[in-house]
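Protein chains: 2
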Amino acid sequence: MRGPRYTPLVAELPSLVPFVGPETQERAKGAAFAARLGANESGYGPSPLAVKAMAEAASSCWMYGDPENFDLREALAAKHGVSRSNIVVGEGIDGLLNYLVRMMVGPGDAVVTSDGAYPTFNFHVTGFGGQLHKVPYDGNHEDPAALIAKAAEVSAKLIYLANPDNPMGSWHEAAVIQQMIDTVPDGSLLVLDEAYIELAPEGTAPAIDPADPRVIRMRTFSKGQGMAGARVGYAIAHEDLIRSFDKVRNHFGMSRIAQAGALAALADPDWITQVRAKVDASKAEIARIAQQNGLTPLPSATNFLTIDCGAGGDLARAIVRELGQRGIFIRMPFVAPHDRCIRISCGTEADHAALEAALPEALSAARASL
Amino acid sequence: MRGPRYTPLVAELPSLVPFVGPETQERAKGAAFAARLGANESGYGPSPLAVKAMAEAASSCWMYGDPENFDLREALAAKHGVSRSNIVVGEGIDGLLNYLVRMMVGPGDAVVTSDGAYPTFNFHVTGFGGQLHKVPYDGNHEDPAALIAKAAEVSAKLIYLANPDNPMGSWHEAAVIQQMIDTVPDGSLLVLDEAYIELAPEGTAPAIDPADPRVIRMRTFSKGQGMAGARVGYAIAHEDLIRSFDKVRNHFGMSRIAQAGALAALADPDWITQVRAKVDASKAEIARIAQQNGLTPLPSATNFLTIDCGAGGDLARAIVRELGQRGIFIRMPFVAPHDRCIRISCGTEADHAALEAALPEALSAARASL
Chain U
1 MRGPRYTPLV AELPSLVPFV GPETQERAKG AAFAARLGAN ESGYGPSPLA VKAMAEAASS
61 CWMYGDPENF DLREALAAKH GVSRSNIVVG EGIDGLLNYL VRMMVGPGDA VVTSDGAYPT
121 FNFHVTGFGG QLHKVPYDGN HEDPAALIAK AAEVSAKLIY LANPDNPMGS WHEAAVIQQM
181 IDTVPDGSLL VLDEAYIELA PEGTAPAIDP ADPRVIRMRT FSKGQGMAGA RVGYAIAHED
241 LIRSFDKVRN HFGMSRIAQA GALAALADPD WITQVRAKVD ASKAEIARIA QQNGLTPLPS
301 ATNFLTIDCG AGGDLARAIV RELGQRGIFI RMPFVAPHDR CIRISCGTEA DHAALEAALP
361 EALSAARASL
Chain R
1 MRGPRYTPLV AELPSLVPFV GPETQERAKG AAFAARLGAN ESGYGPSPLA VKAMAEAASS
61 CWMYGDPENF DLREALAAKH GVSRSNIVVG EGIDGLLNYL VRMMVGPGDA VVTSDGAYPT
121 FNFHVTGFGG QLHKVPYDGN HEDPAALIAK AAEVSAKLIY LANPDNPMGS WHEAAVIQQM
181 IDTVPDGSLL VLDEAYIELA PEGTAPAIDP ADPRVIRMRT FSKGQGMAGA RVGYAIAHED
241 LIRSFDKVRN HFGMSRIAQA GALAALADPD WITQVRAKVD ASKAEIARIA QQNGLTPLPS
301 ATNFLTIDCG AGGDLARAIV RELGQRGIFI RMPFVAPHDR CIRISCGTEA DHAALEAALP
361 EALSAARASL
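Order-wise, the sequence lines are chains U and R. Per my numbering, the first sequence starts with residue 1, numbered consecutively. Per my numbering, the second sequence starts with residue 1, numbered consecutively.
The following block holds chain U by itself, in its conformation from the complex (with noise of 0.2 angstroms):
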């Protein structure tokens, strides 16, 4: 009995997880985290009408979700100003770049993305065999320029760029975004990941022209609208590509009681505006403990930030490490010069005073084990 045999391709995938979740590590030392600071989550919740609409879809969910999403597509729709036919729906943004990779992603075909950008977005390129051409950050921003010109050189189908950008946290105007989608080279699509995207300045995202096939948007109901375990993402992209995940997606994937909540967030836009609100006042109250303690904050447009720690990574990891055995959960960037810094996710008062509690001791502790 020899088992199954799998594609030359899975056989040799390494059993890579992109993210190792909190939750394992509090298994892991037998207590649950004070400060959950680490996956960009919102604390501040989802919008209380949709809790309410899925506490209430709970009881319904016997039912399968509408595979077509079709009420929630329709209220997106609306909000951006494009067609029903513009707008997929899928199981997070992770979720919709798997898509969007198998559908172009085959073995060898080239792909480009910085260097320490979303690790997530790579599980999945590699996971279909494909190529990684990997670009270098200028300094603490992506670089769109050297994107265009890398993705012109290999012939690149995809490039990725998040803006606002994770882990850096880090923005471009979108008059440099427009540039950028403006050179997408002949045969390239640009994944535009814009997770944070209701975080960020105004003025932050170009305009939606979804008759243009060289980018597709991605976004989220998990980061500002506080519903990352409810599995809501979609994409705003051109109607031929739109269609084509049908050919590939879970029709039925999607959570009847996430459509419900998802709805009912779009209905209460006062909470994005609180939540922007208290995000700032969280990423000032984060910078005024990191400065305290000697470290400094980056400008952020997102609901999390990233504080440069003057050393290299291993001071960065020691925090990192140290933090967490104080019960305070936050992550870093993974890539060098970048693994430099620490990556705080805004939170409420009580994990303000959490931090700054534990991370004087945390910073002398992780000194000491160097």
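Quick caveat, the hints were computed from the structure, so don't treat them as lab data. Wrong hints could be hidden among the right ones.
[Said to hold, decoys possible] Derived coverage of chain R by chain U (criterion: at least 3 residues anywhere in the stretch with Cβ under 8 angstroms from a Cβ of chain U; other residues may be distant):
no. : segment
1   : 93-101
2   : 183-196
3   : 239-246
4   : 357-367
Cβ atoms here follow ideal geometry from the backbone N, Cα and C, with glycine treated the same way.
Using the hints provided, position chain R relative to the given structure of chain U.
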């Protein structure tokens, strides 16, 4: 601007949708169905404990779900007498079938199923370029020996069988399935879809042997547990195969609300006992209504009744249409000779009353339309 370049495989795929949802039909006719009896959902709903857990989890869905599904897998392992390493949790059986097919099937690879079996499995196989070899049913039953013989003949990577079967409702005893497992050709994997197993007679499921690399068992919370819209499926298999899912799955794909609901459902075994009794009573009532109208119900080990209408597919399709126009959503097998049948899911007393009221007129209209 020529737009993105698809893989040759995806470029050729049809934009085929395995199932049109009832909501699509409701939008088309401008009215909701009075009885929703077409998707083998459970109108008895989830366990009240599961509903409560999901309603409570709504406010904490700002957190991603545990990517390891640790607690749920622990509970499932205990229930089935296996180890956590033998269980993978995913976005319904549909989601898990996608991952499984992706791991095994590349362009031209042989896959064996029954002609008329679950279309979504075929959707995934075709979507990864596999070559489907379809074996006829033996009457109203899938034919294990013929499936195994065909798999040996074509060197199939996967063999699909549902026990109990959808769309026919038929089933095999455990010994027949164990014999099938014991004769799986070297290098093949039996995908044993047991979505309806909780509703089948004792002795339908062979014992689970987690060391056997020849079979993967697919289970779900969508049918007996009444949580179709929450999207929780799982598979039980050899730990090497289970670990391989980590290479391709959407690690953060599970809803935190669904995780909480499934865990609570497992803590309420009485609910399934009650549902089984309701399903049995409903099947008896639907059978009575069918017979009263001169139609022949087939034996069923599921939460639906497949009913022989005694003529060809044209009559059955007309009955489905005419019932739909009278507010009753049902479906039917797609493939001859099974398309002589209609398929009605179990429901509530109100559903039975609506069906009984509509069926005579729908039958007359259907016959008159031919």
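**Item:** Coverage of the segment 239-246 of chain R by chain U, judged on three or more residues with CB within 8 angstroms
**Value:** holds (count 5)
**Request:** Check, residue by residue, whether the segment 357-367 of chain R contains three or more positions whose beta-carbon lies closer than 8 angstroms to a beta-carbon of chain U, and give the verdict.
**Result:** Three-residue rule not met by the segment 357-367 of chain R, so violated; n is 0.
**Prompt:** Counting residues of the segment 93-101 of chain R with a beta carbon closer than 8 angstroms to any beta carbon of chain U, are there 3 or more?
**Reply:** holds (count 3)
**Request:** Check, residue by residue, whether the segment 183-196 of chain R contains three or more positions whose beta-carbon lies closer than 8 angstroms to a beta-carbon of chain U, and give the verdict.
**Result:** Holds, because 4 residues of the segment 183-196 of chain R bring their Cβ atoms closer than 8 angstroms to Cβ atoms of chain U.
Hint 4 from the list above is the single one not met by this structure.
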